[in-house]
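K.L.:
These are the residues of each chain, in order.
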Amino acid sequence: MATDHADNTATVSRTRGIVFRYVLLVATLSALASLGLLLANVAVDAFAPFSADPSWYLVYLCTLVLPTLLVGWVLRRHELLVGGIEALFVPIGGLFGAGALFLLFEVLPFNVWFAWAVGIAVPLAIWLLSSVAGTSGRLRAGLTLIFGGVSLFGLPLVDVSTTGVLGPLVMGLPAYIQLKVYSIPNYYLTYLLTLALPVALLVGHQIRKRESFNAGLAATGLVAIASLSVLFQTVVYTYVALVLVVTVLVPAAWYWYTQWRDRPDDRLQFAFPATVLIGAGLGRLAIWALSISGPNSWVDLQFLQDAPTRYAESAGLNPALVGSLLLMVVVIATAFPLGVGAAVYLEEYAPDNGFTRLIQLNISNLAGVPSVVYGLLGLGLFINLGGMSGETISLFGRTITLSGMPTGSVLVGGLAISLLILPIVIISSQEAIRSVPDSLRQASFGMGATRWQTVKHVVLPRSIPGILTGTILAVGRAVGETAPLIMVLAASYSSSPPGGLLDKATALPLQVYSWAFEPDPAFRHGVLAAGVVVMIVVLLVINSIAIIVRNKYEARQQ
Amino acid sequence: MSSITSDLTTRTAKSPRERLARWFFFACAAISIVVTIGIVVVLVLGALKFFRSTGVALGMAPGDTVSLSSYLLEGKWTPGSEPQQFGLLAPLSATVMLMLGSAIIALPLGLAAAIYLSEYASDRMRSFLKPALEILAGVPTVVYGFFALVYITPLLDQLVPLGVGTFNMVSACIVVGIMIIPMVTSISEDAMNAVPDSLRQAGYGLGATKFDVSTTVVVPSAISGIASSYILALSRAIGETMAVAIAAGSQSTVMNPLNPVAYFSPNSPITAQMIQLATGDISAQGAAYHAMFALGLTLFVVTLAMNVVSELISSRYREVYR
Amino acid sequence: MTDGHSEAETEPNATTDSATMTDDSEDELKTHSAGFESPPTGETIIEAEDVNVWYDDDRALEDISMAVPEHNVTAIIGPSGCGKSTFLRCINRMNDLIDDARVDGTLKLAGKNVYDEDVDPVALRRRVGMVFQKPNPFPKSIYDNVTYGLEMQGIDGDYDAIVEDALREAALWDEVSDRLHESGLELSGGQQQRLCIARAIAPDPEVLLMDEPASALDPVATSQIEDLIAELAEEYTVVIVTHNMQQAARISDKTAVFLTGGKLVEFDDTQKIFENPEHQRVEDYITGKFG
Chain U
1 MATDHADNTA TVSRTRGIVF RYVLLVATLS ALASLGLLLA NVAVDAFAPF
51 SADPSWYLVY LCTLVLPTLL VGWVLRRHEL LVGGIEALFV PIGGLFGAGA
101 LFLLFEVLPF NVWFAWAVGI AVPLAIWLLS SVAGTSGRLR AGLTLIFGGV
151 SLFGLPLVDV STTGVLGPLV MGLPAYIQLK VYSIPNYYLT YLLTLALPVA
201 LLVGHQIRKR ESFNAGLAAT GLVAIASLSV LFQTVVYTYV ALVLVVTVLV
251 PAAWYWYTQW RDRPDDRLQF AFPATVLIGA GLGRLAIWAL SISGPNSWVD
301 LQFLQDAPTR YAESAGLNPA LVGSLLLMVV VIATAFPLGV GAAVYLEEYA
351 PDNGFTRLIQ LNISNLAGVP SVVYGLLGLG LFINLGGMSG ETISLFGRTI
401 TLSGMPTGSV LVGGLAISLL ILPIVIISSQ EAIRSVPDSL RQASFGMGAT
451 RWQTVKHVVL PRSIPGILTG TILAVGRAVG ETAPLIMVLA ASYSSSPPGG
501 LLDKATALPL QVYSWAFEPD PAFRHGVLAA GVVVMIVVLL VINSIAIIVR
551 NKYEARQQ
Chain E
1 MSSITSDLTT RTAKSPRERL ARWFFFACAA ISIVVTIGIV VVLVLGALKF
51 FRSTGVALGM APGDTVSLSS YLLEGKWTPG SEPQQFGLLA PLSATVMLML
101 GSAIIALPLG LAAAIYLSEY ASDRMRSFLK PALEILAGVP TVVYGFFALV
151 YITPLLDQLV PLGVGTFNMV SACIVVGIMI IPMVTSISED AMNAVPDSLR
201 QAGYGLGATK FDVSTTVVVP SAISGIASSY ILALSRAIGE TMAVAIAAGS
251 QSTVMNPLNP VAYFSPNSPI TAQMIQLATG DISAQGAAYH AMFALGLTLF
301 VVTLAMNVVS ELISSRYREV YR
Chain D
1 MTDGHSEAET EPNATTDSAT MTDDSEDELK THSAGFESPP TGETIIEAED
51 VNVWYDDDRA LEDISMAVPE HNVTAIIGPS GCGKSTFLRC INRMNDLIDD
101 ARVDGTLKLA GKNVYDEDVD PVALRRRVGM VFQKPNPFPK SIYDNVTYGL
151 EMQGIDGDYD AIVEDALREA ALWDEVSDRL HESGLELSGG QQQRLCIARA
201 IAPDPEVLLM DEPASALDPV ATSQIEDLIA ELAEEYTVVI VTHNMQQAAR
251 ISDKTAVFLT GGKLVEFDDT QKIFENPEHQ RVEDYITGKF G
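Residue numbers (this note's numbering), protein chains in the order written: chain U, 1 to 558; chain E, 1 to 322; chain D, 1 to 291.
Treat the hints with care, as some may be off.
[Unchecked claim] Pairs of lysine-lysine, DSBU-like flavour, derived with a Cα cap of 35 Å: (1) D:Lys140 / E:Lys130; (2) D:Lys108 / D:Lys134; (3) D:Lys134 / E:Lys130; (4) E:Lys14 / U:Lys456.
Everything labelled a hint here was simulated from the structure, so no lab data went into it.
Hey, can you work out the whole structure from these sequences and the hints?
P.N.:
In structure tokens, the structure reads:
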């Protein structure tokens, strides 16, 4: 027995294991490190940080960075940092929202905007009136649909002269206003009436619910908005100021106001956005006063506003931004309802048979099809109609020439991309729906609810956050897709943004692709880098929205 | 009494609204089948018009078609110059090069990350590393192409003695490899997590070290999931378009995928060639136009086969653990 | 609770090879390693002194002291949740794999406290084999399952012969000798567990720990395992945890009774425990008044 001691103190070599562990860690981090290096390179090329006067950095360090870090550290101790960052997100998010609106205004000039706003106002008014009057849901829906249809699209089959009082009825209000009405409000008044007024009414209504002031506040809000934006006319266009006020100032003020009132203990968190905003403002002021030169960044407002040109200095990516926005509108409008609908079917209605398995298998296979093939689908199906484009058929006594959708149009590109992300939307929506506990469904059925009622009132509300997150992430993927657009022949150089769904499409990745082949180093290391940075920022914004949506809803469901 | 009975027999479940809802949702799901059929029909029709034997029957001029044997067997792919030649071997060799090149990067690194995440990483590290790796997959492919062209190629040019061209396959393979690492990692890690803990315990109980258990118990037990992840990731690499189109040039040449030197030259795989044809000067009914569909069909079949094989492997061996 | 993925144990820095256990000759398999005198049966091989175990703040074992004799079958019985498996896992330091576990006290294997600083848990587990409750053969061939421990521990020898001997000792050889290269998972539950026993004894440990080895098996397989255990005690020291009292009565030489709170209430010859226990609580448990 005594000799056993030697055996029991033997050790087994662990060096192999330790080396292995570190090799694994290095391998895991290597890809991340490479990406980090590449991103750093792009950032340096795009923002040209070394072209700035060192004192530029010093100023911002003192006014912005250090105070923010200090306040952030203090807030962290009190666990208010997250709230403070959220409070900052609202104005920043509003800023991006304003940007999206400005892009939209390039597609819809203000007169078109006004015309459609009037057209939509009619059914909206009908809806509100019938809600107040207490008519039944079906009647209300029916009335709204009928009035909405007529006011928006008119009655095309009626063969009546389009002048005179009946004009609007025949053509629909938007078309009538655009063509026949010559005096419409200008830029500023249009946006005042269509944006500021509803927002003011909404704010007033919310405040009336919380306090007992009422319309007085709404009116005050409206007046305040109007007067504020006129003040800015020396710095920016008044309508730009108006939009900024409506998208940035009002939501921020609203959010801060409600947080201030609802959570008096957390009021300290506003030190964070205050520090950031005041610090940035002070820094800007100091830079302007002292005439310090900042970095000669390729990414600036001009870059976002101008069209691409032959010359690196003046090149911009505005049309691509507008194009991507329009494409995403098409993509979301198609992929979201189809995807969620398919997911609902597969999870709630589908019987457990071979056909359902086939659909499921089909969807996972579609998820793995390369993006070029979806482009070919768009080309062959939507544009060439399977080779039947140009053929004539006779229908109801009239001969119709079949023509596909316009080559390279936003509509075709958008449809192709939306089919590309459709499997992703379906799969993530399925997961979200599956995560709804079955006990809730059982409870609903137990109360005699039908399948559709259960889906509408129990399953969908509960799974919406997951569905939204998955869809937003899929949209993020869609923004970066280029191959389908090229395959639907949208790839020629275009210097103006698409004006509608049937115009030639441009998109951020397409623009980057076309710039990639310019040999001029100023293009490659300047303009191209700036374009890549803009793409990355757009993606970051989209993914952040997804994360925020998920966190907000998760917190609520807890 | 009768009122109850009539209440009981009221057909709420079959009301028009219910029926409508059900059919709407079914239609949404059925769209996916329509899409698949659409893809197959479009590709097959276009390919039929490409090949001489079927194209002529469909009304194509013989000069606008290519014989199947020359497509499959010839090695010159020059759609842009006269005379046009359409030998698949050229872009196919580039596709194989892309697959091998990205495999060298992604398969070892992806598996290493998966082993680390599954067996060694603490919860905190895992909560940081997993999302971080997913970011790799979220970067758009044009951006990767840009990285390859503007940063990686010049760097390689300095490192490699003989230099590399502006366009080369190495940079493309590197970025595509980085791009598919998250696929390998996440599926392999899932497979390793699914290995029951009792097997690890058995290993430890027999006096194995952690290194032993990870390499001789966990990885072999998860091998089907790992293999499946490899195949899926490689099928994604094959389908990758933009990064290669930007970084590796627009000319397809037959090269030997096993020859390392070949990677320093430009080449253009099937996907990038499809892009080339679309941006080139194509008349709507010529051979070049329909070549896109022939290539598309080839690509579709290959990636579909790989995805199916991957699914088969993972499902067949997944039953082992109940 | 268990997190087998991490190993929270101390790593001694010595890089010496693992202790060589056997020479090549077949006979050595039947005896223990050179330098180890075979003691007369009955000498203590495992000695626990005031062993306490906590999972986080919950105490799982309280002041366990017992001396397990060589070449005996020692059964540990008691109601569920009273720390039987925990104690078993202390012997080969499998509890080290659990992050929240904390062990106090002394546990000596052949005179050396296994919780000493200089003891390498991996080396320890090469001397103490373990069979788990649910059969857990590796998804490898039967042959590779049995040789796994040999490979890991760097044991040389005629693997074919060692495999045959281990499988014979585990009463499985006749059933699998013609299909050694089939997967271990193709066997029935009882066969799998015997495979796990063969796997555990192939590297010739001193002690064999068995954690409810038959509880997941049908009665026929159970009785096969029980028959096996008595024979195994001739070669090894067997410590078996079981919640089946009749089983303990049938196969063990000594029995330890653990009761709620992780306390060892009585430890004595099996016959005494079951016929005339000292403590009333033990008698109540045996006669089924609770547990």
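K.L.:
Hint by hint, say whether it matches the structure.
P.N.:
For each hint, the structure was consulted:
1. Distance hint between Lys140 (chain D) and Lys130 (chain E) is fulfilled; the C-alpha atoms sit about 30 Å from each other, no more than 35 Å.
2. Restraint check for Lys108 (chain D) and Lys134 (chain D): satisfied, since their Cα atoms lie roughly 28 Å apart, inside the 35 Å limit.
3. Note on Lys134 (chain D) and Lys130 (chain E): the hinted pairing holds, with a Cα-Cα distance of about 32 Å set against a maximum of 35 Å.
4. The hinted pair formed by Lys14 (chain E) and Lys456 (chain U) meets the criterion: a straight-line CA distance of about 16 Å does not exceed 35 Å.
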